[in-house]
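A.B. asks: One point on numbering: in numbering that gives the first Met the number 0, the residue at position 85 of the sequence shown is 84, and numbering is uninterrupted.
In case anyone wonders, no lab produced these hints; they're calculated from the structure. Careful, some of the hints might be misleading.
Just the calculated beta-carbon pair ranges, DEER-fashion [what the hints assert, rightly or not]:
| hint | residue 1 | residue 2 | range |
| --- | --- | --- | --- |
| 1 | 82 | 195 | 31 to 39 Å |
| 2 | 65 | 192 | 29 to 37 Å |
| 3 | 42 | 203 | 50 to 58 Å |
| 4 | 25 | 203 | 22 to 30 Å |
| 5 | 45 | 110 | 21 to 29 Å |
| 6 | 29 | 174 | 38 to 46 Å |
| 7 | 117 | 29 | 24 to 32 Å |
| 8 | 205 | 115 | 27 to 35 Å |
| 9 | 39 | 9 | 49 to 57 Å |
| 10 | 195 | 110 | 31 to 39 Å |
| 11 | 45 | 227 | 37 to 45 Å |
| 12 | 190 | 54 | 26 to 34 Å |
Every residue gets a Cβ at the ideal spot worked out from N, C-alpha and C, and that includes glycine.
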Amino acid sequence: MAAVFSVRRDPAGQHRLTVLLWRRGQEPDLGRWALPGGIVRADEDVDSSARRQLAQKVDLTRVAHLEQIGVFSDPGRVPGGRVVATGFLGLVPMPGDGGSGEIADARLPADTAWHPVDDLPPTALDHGAIAERARQRLRAKIGYTNIGFALAPAEFTLAELGRIWTATLGHEVDPTNLQRILTRRGMLQPTGTTAPPGPAGGRPAALFRFTVAELRVTDPFAAFRPPGS
Numbered sequence: 000m001a002a003v004f005s006v007r008r009d010p011a012g013q014h015r016l017t018v019l020l021w022r023r024g025q026e027p028d029l030g031r032w033a034l035p036g037g038i039v040r041a042d043e044d045v046d047s048s049a050r051r052q053l054a055q056k057v058d059l060t061r062v063a064h065l066e067q068i069g070v071f072s073d074p075g076r077v078p079g080g081r082v083v084a085t086g087f088l089g090l091v092p093m094p095g096d097g098g099s100g101e102i103a104d105a106r107l108p109a110d111t112a113w114h115p116v117d118d119l120p121p122t123a124l125d126h127g128a129i130a131e132r133a134r135q136r137l138r139a140k141i142g143y144t145n146i147g148f149a150l151a152p153a154e155f156t157l158a159e160l161g162r163i164w165t166a167t168l169g170h171e172v173d174p175t176n177l178q179r180i181l182t183r184r185g186m187l188q189p190t191g192t193t194a195p196p197g198p199a200g201g202r203p204a205a206l207f208r209f210t211v212a213e214l215r216v217t218d219p220f221a222a223f224r225p226p227g228s
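Produce the entire structure from the sequences given, and follow the hints as far as they go.
C.D. replies: Okay, structure coming up:
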């Protein structure tokens, strides 16, 4: 099963890290919110199965990054029988100007929704714990790898980049300092273009892109820490 994250806007306009959940269609916990997943077929490996389940159950066919986070094998995790699950961390870019960045996304199936990871509804079985394990993995890796590429649109402003890091880490990240760090690591490059002006007008913001769109370790001992820590 996969905990797929994306940074989306809530109704108050705040950018939050969200996870994609769907209504479970069978017992136990019928109707509860759950991570998408299912049984591995005889002709596929677990990675292929995870991608198939995402496509079939929540119409998610384009995942920018997907990795295993662990095996969940507690004998009592599913009532009535032994079920071992492989957990995945998946990432979907924050939509740019061409797509809805709202938590409420009308393009999703009716039984599927983005939920803020720090305010999850009651979830099926141990799915909440699996989502939390995935979030901790993401928070760690955004410090020492370039995994943030999978949360960002193809082109973005520094303000957008700061919102992604802030939402992911759960504390404020200054966009200027973030630019300095990521540029020093060779992760960012300017596109030479600017974003369209917003409703308030003002100077057009420069657009950037990630230099590499696949996972790489950029600073093996680095971590982003809250201000003042």
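A.B. asks: Taking the hints in turn, state whether each one holds.
C.D. replies: Against the structure, the hints:
| no. | hint | in the structure |
| --- | --- | --- |
| 1 | 82 <-> 195: 31 to 39 Å | 49 Å, violated |
| 2 | 65 <-> 192: 29 to 37 Å | 30 Å, holds |
| 3 | 42 <-> 203: 50 to 58 Å | 51 Å, holds |
| 4 | 25 <-> 203: 22 to 30 Å | 51 Å, violated |
| 5 | 45 <-> 110: 21 to 29 Å | 24 Å, holds |
| 6 | 29 <-> 174: 38 to 46 Å | 44 Å, holds |
| 7 | 117 <-> 29: 24 to 32 Å | 26 Å, holds |
| 8 | 205 <-> 115: 27 to 35 Å | 30 Å, holds |
| 9 | 39 <-> 9: 49 to 57 Å | 35 Å, violated |
| 10 | 195 <-> 110: 31 to 39 Å | 35 Å, holds |
| 11 | 45 <-> 227: 37 to 45 Å | 42 Å, holds |
| 12 | 190 <-> 54: 26 to 34 Å | 31 Å, holds |
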